[in-house]
Amino acid sequence: MVSGLFDRILKIFFIFLSIVIIIGFVFLAIRNYIMPEVTATKPLENSTLIKKDYFTGRVISRETIEVKADRKLYIEEINVKSSQIVEPGSKIITLDMSRQSLNTDTEAVELQNQIKLYEIEKLNLKSQMNNREASVQRALESYNKAKEEYESTSYLYENGIVTKEDLDSKNDSAEELRKSYEREVSSLKSETEIYAMNLNRIDSEINILLGKLHGKVNEENKITVDSEGVYFLSDMVYIDYIIDKKIVEEGETVIRYSICNSNSDLYIEAYLDRDVYDDIFNKRYSVYFWKNDERKKESLNIQSVRSFPDHNELIFSLRDELREKVYISDVVRFMVQSEENYECVVQKTAVVPVGEMKSGNYCYIYTIESEESILGQINYLKQGEYKILAVGDNTVAVEASQTNTTRIDRNSIIANYASAVLENEMRVRIIK
Amino acid sequence: MKKYSMMKYILPSIFGVAFLNLVPFIIAQKYVFFSSGGSFTDIFSNMGFIISIKNTAVFMSVFIPLAVIIGFVTAFLTEYLKLSFWVQAAVILPITVPASSVSGFFREIAASSALENINGLFIVGFIFLWSCIGYTYIIFLISLKNRDKSIEEAAYLDGSGTLRTIFSIMLPLHSEALVLAVIVSTYNSLKIFRMTYAIFGEYPDYRMFMIQNFLHLKLKELSLDTLMAGADILLAFIFILLFFILRSGRKHKIKMSL
Amino acid sequence: MKKFTVKLLSAFIIIVFIFPILYTISHSFMDGYQLKNNEVEIVPEIFNIQQYYEISVEKNEYFKLYINSAIMTAGVLLGQMIVSIGAAYYFSVKKSRYSEVLFLIYTFFMLLPLQITLIPNVLLYNSIERYLGLRLFNTQFAVILPGVFSTLGVFFLKQFFESMPQSYYEIAKIDGASDLEILLHVVLPYSKNAIAALCLLIFIENWNLIEQPIIFLSSMSKMPVSIYLNTLYSSYREIFYAGSVLFMFPVIYVFMKIRDKLKVMVLKISDEGR
Chain A
918 MVSGLFDRIL
928 KIFFIFLSIV
938 IIIGFVFLAI
948 RNYIMPEVTA
958 TKPLENSTLI
968 KKDYFTGRVI
978 SRETIEVKAD
988 RKLYIEEINV
998 KSSQIVEPGS
1008 KIITLDMSRQ
1018 SLNTDTEAVE
1028 LQNQIKLYEI
1038 EKLNLKSQMN
1048 NREASVQRAL
1058 ESYNKAKEEY
1068 ESTSYLYENG
1078 IVTKEDLDSK
1088 NDSAEELRKS
1098 YEREVSSLKS
1108 ETEIYAMNLN
1118 RIDSEINILL
1128 GKLHGKVNEE
1138 NKITVDSEGV
1148 YFLSDMVYID
1158 YIIDKKIVEE
1168 GETVIRYSIC
1178 NSNSDLYIEA
1188 YLDRDVYDDI
1198 FNKRYSVYFW
1208 KNDERKKESL
1218 NIQSVRSFPD
1228 HNELIFSLRD
1238 ELREKVYISD
1248 VVRFMVQSEE
1258 NYECVVQKTA
1268 VVPVGEMKSG
1278 NYCYIYTIES
1288 EESILGQINY
1298 LKQGEYKILA
1308 VGDNTVAVEA
1318 SQTNTTRIDR
1328 NSIIANYASA
1338 VLENEMRVRI
1348 IK
Chain B
2 MKKYSMMKYI
12 LPSIFGVAFL
22 NLVPFIIAQK
32 YVFFSSGGSF
42 TDIFSNMGFI
52 ISIKNTAVFM
62 SVFIPLAVII
72 GFVTAFLTEY
82 LKLSFWVQAA
92 VILPITVPAS
102 SVSGFFREIA
112 ASSALENING
122 LFIVGFIFLW
132 SCIGYTYIIF
142 LISLKNRDKS
152 IEEAAYLDGS
162 GTLRTIFSIM
172 LPLHSEALVL
182 AVIVSTYNSL
192 KIFRMTYAIF
202 GEYPDYRMFM
212 IQNFLHLKLK
222 ELSLDTLMAG
232 ADILLAFIFI
242 LLFFILRSGR
252 KHKIKMSL
Chain C
-16 MKKFTVKLLS
-6 AFIIIVFIFP
4 ILYTISHSFM
14 DGYQLKNNEV
24 EIVPEIFNIQ
34 QYYEISVEKN
44 EYFKLYINSA
54 IMTAGVLLGQ
64 MIVSIGAAYY
74 FSVKKSRYSE
84 VLFLIYTFFM
94 LLPLQITLIP
104 NVLLYNSIER
114 YLGLRLFNTQ
124 FAVILPGVFS
134 TLGVFFLKQF
144 FESMPQSYYE
154 IAKIDGASDL
164 EILLHVVLPY
174 SKNAIAALCL
184 LIFIENWNLI
194 EQPIIFLSSM
204 SKMPVSIYLN
214 TLYSSYREIF
224 YAGSVLFMFP
234 VIYVFMKIRD
244 KLKVMVLKIS
254 DEGR
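Chains as they are written, first to last, in my numbering: chain A, 918 to 1349; chain B, 2 to 259; chain C, -16 to 257.
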């Protein structure tokens, strides 16, 4: 029993060891034979580089206007898209009127209440007016009645039935009534005038409130709104930004646009790194630009510079004939070209850039070192970080970016067709 | 030509042995006998050589008999007490184990503070015993299994005690095995260099510096005069040893392996 | 009582002899943290096979050297078989004064320490390189060559061939067999076990080569594992023990497989001797 168990343990242990050995051999074969292949080159002898830097810019207009909502808005339809150029008078936004007025918005309710108050006031005034007219009418009737009574009394006097005093008193009361009637009439006249004025006033107040309820009227920004809740602009504009949701809170930007009635409003804006900016501005290299596919290059003049911590914006002015060719928001490309000597120039295919292949960015270059080890002679890669100084057509000028990066000199062997798959200390096989 | 037809079997071996060992050795003697200074005097004045000879002599005279004795005792116990198969396997196993594998264990033992006071030579001796008793054990085991029990029983019946039986009867009977064991142990004692190298490196402590270490260092330097002188001395020594062993073997009767 | 002391004695002997091996095996299952501890510890705290994983997957240069060891051992084994069998056959059959003297010389060479035989080897290689232009140093052939002609095999096999009963030989001769046929069909089958034992001995001997590689090889990529383990102890102790166990493994395995055949051979020798 014991020996049987021991034998089994021993057997398991031996199988385990055999498995380890087999795994070891397998991984050895893998390490030895499965290696990436690279071609080896050396840095270039000729160290002049025609340095070309490319960057992009946009056509912009002189002025950009931003409009914010002054209250909560309910939008039914957004009629434009951003980056669109709209003709004057086009619809921008249509408001949802049903929700806009029947809302539970307190301000709207208040406005409506105010309107109601005004309506009530109007009614009050009207009833006052009616009262006044009624009293005038009553005065007239009273006077007419007194007058009839005087006439019937004067008939009686002439027949010797009533005394002269009775006739005179009847005459006096008729006279009084006539005066009060005339007074009533005149006060009615003035009251009617006042009434008309009040009515005007109230009506205009109501109109204003209605206007507030239905939309904003903003004179400076040239946005007009009509009674159906449609906004439109009276200029030709380029929509930089338009809100994309249906409910806008107070204070949110609704729309941002640039006016581009004519090409004289247009400029070209470009973002440049410091080095390139120095080259253009200080060394006065020529700048060429072209639009997308057009091959022809035009030269530009610098109009103004805006400096930011990490980049500069150059505003180039467009010559008149150029202005005809561009539209606002066009993307254009620039190139700055120069020829310079660099200490270390390698083939472009040996450089793996971090980000874009342009000067100022960092890149990796893999040098090949060989070493004698237990597995024989092995070649392995050494990764170095370099800063791209200049980019040519097929070549790149670099310099070591950190103090511990190996310098590339005439005798270094560099891995060509380097790709992102290569890593530091990776074993490689060299093919010619 | 029948006499020479057998020659072809030994030809490659002779060729190899001669060319690889004999001829160069003889040629190399010129370094010893025709060198500028008398290299024999040189070598005897070399302190390292003296120490290594002393160490080797002590080592061999102490531990070879020990290996033989312990091997015999263990074989005896195994045979008489019918010790299990596991014991046999355990004793024999160390001879198969490579020196490098167990060097870890011995290194740690040697480095641990418990053994600082013990002479380095004894540590090496212990390691030698551990790795080589297997050989003597096997030899004696075979011999013991072979023996003719009748003589022993006769001795017992005659009334001699166990110890006397062993010494006066058994040992002479096994003298052939004894000789073989001594030869094998001598052979292995010269192989102790492997263990020493694996455990202590090329420059061991002076107390365990033996002649192979000396020769090895000289070989690396390729200083051939002292090297050949030392080799010659060692050679002579072994020659004498072999001579004595064989003669005593012949003296103790029974046909020799030769 | 006697049984108990016997068992105790057996246990004692077993432990003393197996202890270093057990120590190595148990250390191979320790992880790096425990190994840095310089005290002598026996049982691993946590049983893990991290060492084996590291050695097989990450640091598998070891296996390249394993192949080196295997190549050298196999080369010597093959060569010795061819050379020693022939020579032993000669010595066992031919009984003349010359052969006795020759055999004495052979025994003498067998006992020489390696350093002494290495010297003529080195000198020989030097002159070969100089006069024939063949590069021998730093090749594995340089290590295999002396091993092939080691006289231990001849010594060992001659003893065994001689123990074969003369009758076999004479019967075969009467049947008209030539020397070669006798060798192949009579002597070899008879001494299968002895040859197996010799193979084991040669295997053990050459698996464990240390002196020759140091002298003949200079680049690490050609070294056998026996040398590499020494450097491994100081540089990468984490995998040293796993490497040791893997290195011991073939020898012990072969030994265990052959042990039955060895037993038979031992009995046969004892039978013949009787």
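Hints are computed from structural coordinates only; laboratory data are not their basis.
There's no promise every hint is true.
As the list claims (entries may be wrong) - To give a feel for the contact side, a few chain A residues facing chain C, derived at Cβ under 8 angstroms: (1) 934; (2) 945; (3) 1272; (4) 1290.
Unchecked claim - Pairs of lysine-lysine, DSS-like flavour, derived with a Cα cap of 25 angstroms: (5) 1064(A) with 1106(A); (6) 146(B) with -10(C); (7) -15(C) with 146(B); (8) 985(A) with 1106(A).
What the hints assert, rightly or not - Stretches of chain C that chain A covers, calculated by requiring three or more beta carbons in the stretch to come under 8 angstroms of a beta carbon on chain A: (9) 34 to 45; (10) 197 to 205; (11) 222 to 234.
Small disclaimer: the values here were computed from a predicted structure and weren't measured.
All C-beta atoms in this analysis are idealised placements derived from N, C-alpha and C, irrespective of residue type, glycine included.
Hint check results:
1. Because the closest C-beta pair between residue 934(A) and chain C is about 5 angstroms apart, less than 8 angstroms, the hint holds.
2. The beta carbon of residue 945(A) comes within 5 angstroms of a beta carbon in chain C, closer than 8 angstroms, and the hint placing it at the interface holds.
3. For residue 1272(A), the interface hint is violated, since its Cβ never comes within 8 angstroms of a Cβ in chain C; the closest pair sits about 34 angstroms apart.
4. Hint status for residue 1290(A) relative to chain C: holds, with the closest Cβ pair at about 7 angstroms, below 8 angstroms.
5. Pair hint residue 1064(A) plus residue 1106(A) holds up; C-alpha atoms about 24 angstroms apart against a cutoff of 25 angstroms.
6. Distance restraint check for residue 146(B) and residue -10(C): the Cα-Cα separation of roughly 22 angstroms lies within the 25 angstroms cut-off, and the hinted pair is therefore satisfied.
7. Among the hinted pairs, residue -15(C) with residue 146(B) is consistent with the structure: their alpha-carbon atoms are about 23 angstroms apart, no more than 25 angstroms.
8. Restraint check: the Cα-Cα separation between residue 985(A) and residue 1106(A) comes to about 50 angstroms, which exceeds 25 angstroms; the hinted pair is violated.
9. Coverage of the region 34 to 45 of chain C by chain A holds. Counting CB-CB distances below 8 angstroms, 7 residues qualify, and the rule asks for three or more.
10. Chain A is given as covering the region 197 to 205 of chain C, and this holds because 3 residues of the stretch bring a CB closer than 8 angstroms to a CB of that chain, at least three being needed.
11. Counting residues of the region 222 to 234 of chain C whose C-beta sits closer than 8 angstroms to any C-beta of chain A gives 4, which meets the bar of three, so the coverage hint holds.
Of the numbered hints stated above, those contradicted by the structure are hints 3, 8, listed in ascending order.
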